[in-house]
Amino acid sequence: MDMLFLAEVALAGLGAGALYALTGVAFVLIYKATRVVNLAIGEILMLGGYAFLGFAAGLGLSPWIALPLAIAAGGVFGWVVERSLIRPMLGENPISVFMVTIGLGSILAGAVQLAWGADPLRLPEFLPGTPIFIGDAYLAPKVAFGFAAAAVVIGLFLALFRFSRGGVALKATAADQGAAYSVGIDVPRVFSIAWILACATAAGAGVLVGAIGGISPTMGVFGLSVLVVVIIGGLDSLAGALVGGLLIGLVEALAGTFLGGEFKLVVTFALLLVLLMVRPYGLFGTHEIERL
Amino acid sequence: MAGTALLDVNNVEVVYNRTVQVLRGLSLRVPEGEIVALLGSNGAGKSTLLKAVSNLLSLEDGDVTAGAIRFRGDDIASLTPHGLVRRGLFHVMEGRRIFEDLTVEENLTAATFALTGRDGASPDFDLVYSYFPRLHERRKGLAGYLSGGEQQMLAIGRALIARPSLILLDEPSLGLAPKLVEEIFGIIARINAEQRVSMLLVEQNAAVAFAVASYGYILEMGKVVIDGPVEKLMRDQDVREFYLGLGGAGAERSYRDIKHYKRRKRWLS
Chain A
2 MDMLFLAEVA
12 LAGLGAGALY
22 ALTGVAFVLI
32 YKATRVVNLA
42 IGEILMLGGY
52 AFLGFAAGLG
62 LSPWIALPLA
72 IAAGGVFGWV
82 VERSLIRPML
92 GENPISVFMV
102 TIGLGSILAG
112 AVQLAWGADP
122 LRLPEFLPGT
132 PIFIGDAYLA
142 PKVAFGFAAA
152 AVVIGLFLAL
162 FRFSRGGVAL
172 KATAADQGAA
182 YSVGIDVPRV
192 FSIAWILACA
202 TAAGAGVLVG
212 AIGGISPTMG
222 VFGLSVLVVV
232 IIGGLDSLAG
242 ALVGGLLIGL
252 VEALAGTFLG
262 GEFKLVVTFA
272 LLLVLLMVRP
282 YGLFGTHEIE
292 RL
Chain B
275 MAGTALLDVN
285 NVEVVYNRTV
295 QVLRGLSLRV
305 PEGEIVALLG
315 SNGAGKSTLL
325 KAVSNLLSLE
335 DGDVTAGAIR
345 FRGDDIASLT
355 PHGLVRRGLF
365 HVMEGRRIFE
375 DLTVEENLTA
385 ATFALTGRDG
395 ASPDFDLVYS
405 YFPRLHERRK
415 GLAGYLSGGE
425 QQMLAIGRAL
435 IARPSLILLD
445 EPSLGLAPKL
455 VEEIFGIIAR
465 INAEQRVSML
475 LVEQNAAVAF
485 AVASYGYILE
495 MGKVVIDGPV
505 EKLMRDQDVR
515 EFYLGLGGAG
525 AERSYRDIKH
535 YKRRKRWLS
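Protein sequence lines correspond, in order, to chains A and B. Whatever position you read off the first sequence (first residue = 1), add 1 for the numbering used here. Whatever position you read off the second sequence (first residue = 1), add 274 for the numbering used here.
Calculated directly from the structure, the hints in this document are not laboratory data. We put the beta carbon where it would ideally sit given N, CA and C, even for glycine. Mixed in with the good hints there might be a few duds.
To be verified - Just the calculated beta-carbon pair ranges, DEER-fashion:
1) B:461 - A:190: 42 to 50 angstroms
2) B:461 - A:279: 40 to 48 angstroms
3) A:69 - B:307: 37 to 45 angstroms
4) A:190 - B:346: 36 to 44 angstroms
5) A:94 - B:396: 53 to 61 angstroms
6) A:166 - B:293: 39 to 47 angstroms
7) B:315 - A:95: 29 to 37 angstroms
8) A:156 - B:396: 28 to 36 angstroms
9) A:95 - B:469: 49 to 57 angstroms
10) A:166 - B:519: 43 to 51 angstroms
11) A:63 - B:292: 55 to 63 angstroms
12) A:222 - B:315: 13 to 21 angstroms
Only chain B is shown next, with the shape it has when bound in the complex (with noise of 0.2 angstroms):
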């Protein structure tokens, strides 16, 4: 991979309740300036990777027993959540995690003290709404009554008002109509591109995935399966034909053949 990684995961060991072993030696990269998709089916450990970075950990009981986890050339280990992010790592989570009941605008507000103790830096507010003109026109409603896109939106943006150097964005997808999904993924390609924002994406839809994203990694059991350019793991049959959903080129598939996916997959793991 080119370029200097700005997140680095090395081999890392994640334990909930010090009994149950979610992560098992998982290793990736996160270069400057690329978005890198992590794929997987449920239970792999995506949302718990994210949250060992974000040290969001400890607040569930989780800890990292092995491993290293180095954003800028620095071990997260020493440092506080919200240190992080005020360093320029932001964790959208998983489910969107909005406060329902603040305004659309104090949700922004409140993502403004990601910029506490960096100089220079205001928030700016126009640039979420240049971003996401109806969260404009919603700002003073309460934010638990936006719809569920909206609220996707509204979390992004509270990610816009920190000026992060990387995003970590836990299924942007999830419960949306797969127009909005469109809408809201190419949203993040913009940003992406323009704001020259790094992002590790969690996804379930690894089409809409791999449409923005440069690199990619698939988890399965708490550890990589496969990783490789995009364009490498589109050809790759195997996740064509369980992530993509295009194996049998649109034959019908008998029990027989999901068997056959069973087998498959764990020769694959």
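Bound conformation, chain A alone (with noise of 0.2 angstroms):
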């Protein structure tokens, strides 16, 4: 086999991986905050792609005046989706609530088609142009940009998570929030910050998924991959989401350039079924500490 192509597709994999680790840690900051499996993921990633097109092509503003734009409409949609739905279906069965992001969902598919029809969009080029080659082996600059600004921003939340005093926060509340309440955590308003975290990084990711392969109503099936990122990488866990983004991006190209486009799923899929009989917590899921 051609250890170059096999580089390139491989590095191809990664930079899209890094997309999925990026989304994932989206859907694991409101999980692990809330226990709210938030299946919306994928069409607040279509938003931020939206939001950016607006913005840029719309208002025509400076794609990187846009950018930031997008990111905090997303943290503004968050916030919003927080306090009117979310809140209100505190305490209630999460089954609930996981149906309420999936109606979340389609409203929001429905409502990019009415303002932006159907049809695939391309975004402005913003994103450097010159090929990047790793010895040898090519990668397009726009893959390596999205890998780079997702390495960045999750290295952020982890470092966050760990050394600050939110972070704390943010686990104390995940661990227990009767306790949490109890020693002064405003509880809320934890949910609140994580809300708009998440969506302001999920549009950030949308904005960077969409110049690499356009921007469509349909765009939110990317939250399907996203769901077995999170699923394998363990659904509390951020490293997880790291670790499962890059693998199944590697997994898809490989599947997809080997056997074939249509096996793409397939192959994931098998892959998520295989790992939930050995480990169902997922590679780094909480299992309880048991104290000997």
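With the hints as a guide, bring the two chains together.
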């Protein structure tokens, strides 16, 4: 087999995987803090892409202004959703909340279609275009940029959780809500912040995904792969989202190239099935600590 | 009772799930600077009262349906649970409830959120470590790997970080060896004296509770059946028999006496 070709496919796969990881982090943030399985994460990502398009093409802003605006729009959207849809559902059956997020996803996909039409659109070019070679292997510059941006953001999140006081509040809330209240943590505020950060992250990821592959109202399907990523990584583990994302990106790229595009999902879901049989918590998901 | 009441619970009723009434017109007071013990058998409503006071009942679908709870004169009904903690009312919950997958230090850091909005209050980790040197040794380790006694120390340590004026202590002796219980109650008494923190202490172990408390309430079926200064309670024949196990002066008890005990209890409430 041609090693150079294999390396190029693997690099492209890791690039795509980094965006899975980034979106996976957004998913994990919400799940960790609030125990809500947010199935609308793919649509929120899509919303980020369209918001960028609106700011850059619609209002004619520079892409470098439109990018932070799109991220901010995602954050505001997350805040509104948490306040208006999720918080009233506090204490309800998790399945009900889960259904709310599915509904939210459908509404978003429909709304975007009404506003921008059903056809795939291209985002204005703003990422550097010079080809990048690692050794002899070619790497598309956009993919490399996406990878770098995702790596920086995920690194920031990991550091934030490990070393900051806010990270302690999030972990404490995730572990035991009642106890978090009892030590003076403003739990509803932690929920709010988790949703804001997560949706902003997803929106940012949406701009990157859109810049590479274009945007369309069916872009939310991306969320399906992200779901596989976070289940494999462990629903409440940031490191799991990182590893799971890269792994799924790699596997999808290899399967798509060597087995054919139609095998991408088959292979990833088969992997998911096998992994769940061996490790039901995912690779890094929390088990209870056993005190002996 | 002398002194101004820091906590004033007046005729409180609590209903869970809109159906199960747990507290039935309960009243008690915790004066400034004192330790008040709240005793009672399983299901008497002791923990429920503490959760009502710290406003954590709503997490368990419980409601205060009548009566009022005042902390420093303010009705707590309008305050959030974390808001209450920030005003100086700290609830050390039953079963310790430490964050097991956080380190000891991070557990204490979590409690620093209690100081939010208080001017000039900076967290004093050394104070905690001076009362509990063992926590200092294990500060980098995961709290889940601490022994039961150390976890209880951590739970009380979190309260110390928050610099409260009132600590609600829910069964600090739960599941601990007698020697550890003695050690922890010694520290509780010291904290009360040295930090001038008032405490409302829920216990099953009446003997240790009376050793540190100045006033006691005995709860049955959701209301107070006996209360008084601890010296008076210790002389009370019923309390000695039912809660301190000192009744028959060491004589063996027959089954007839146990039936007698049940009869007496009903009469008592």
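We went through each hint and held it up to the structure:
At roughly 33 angstroms, the beta carbons of residue 461 (chain B) and residue 190 (chain A) sit outside the given window of 42 to 50 angstroms. Against the hinted window of 40 to 48 angstroms, the Cβ-Cβ separation of residue 461 (chain B) and residue 279 (chain A) comes to about 47 angstroms, which satisfies the hint. At roughly 54 angstroms, the beta carbons of residue 69 (chain A) and residue 307 (chain B) sit outside the given window of 37 to 45 angstroms. Look at residue 190 (chain A) against residue 346 (chain B): about 24 angstroms separates their beta carbons, and that is not inside 36 to 44 angstroms.
In this structure the supplied range 53 to 61 angstroms is violated for residue 94 (chain A) paired with residue 396 (chain B), their Cβ-Cβ distance being about 43 angstroms. At roughly 41 angstroms, the beta carbons of residue 166 (chain A) and residue 293 (chain B) sit within the given window of 39 to 47 angstroms. Taking the beta carbon of each, residue 315 (chain B) and residue 95 (chain A) are about 35 angstroms apart, inside 29 to 37 angstroms as hinted. Separated by about 30 angstroms at the C-beta atoms, residue 156 (chain A) and residue 396 (chain B) satisfy the suggested range of 28 to 36 angstroms.
Checked against the hint of 49 to 57 angstroms, the C-beta distance between residue 95 (chain A) and residue 469 (chain B) comes to roughly 41 angstroms, which is inconsistent with it. Checked against the hint of 43 to 51 angstroms, the pair residue 166 (chain A) and residue 519 (chain B) passes, with Cβ atoms roughly 47 angstroms apart. Range check, residue 63 (chain A) to residue 292 (chain B): about 57 angstroms between beta-carbon atoms, so the 55 to 63 angstroms window is met. Range check, residue 222 (chain A) to residue 315 (chain B): Cβ separation about 59 angstroms, and the 13 to 21 angstroms hint is violated.
Hints 1, 3, 4, 5, 9, 12, counting from the list given before, are not met by this structure.
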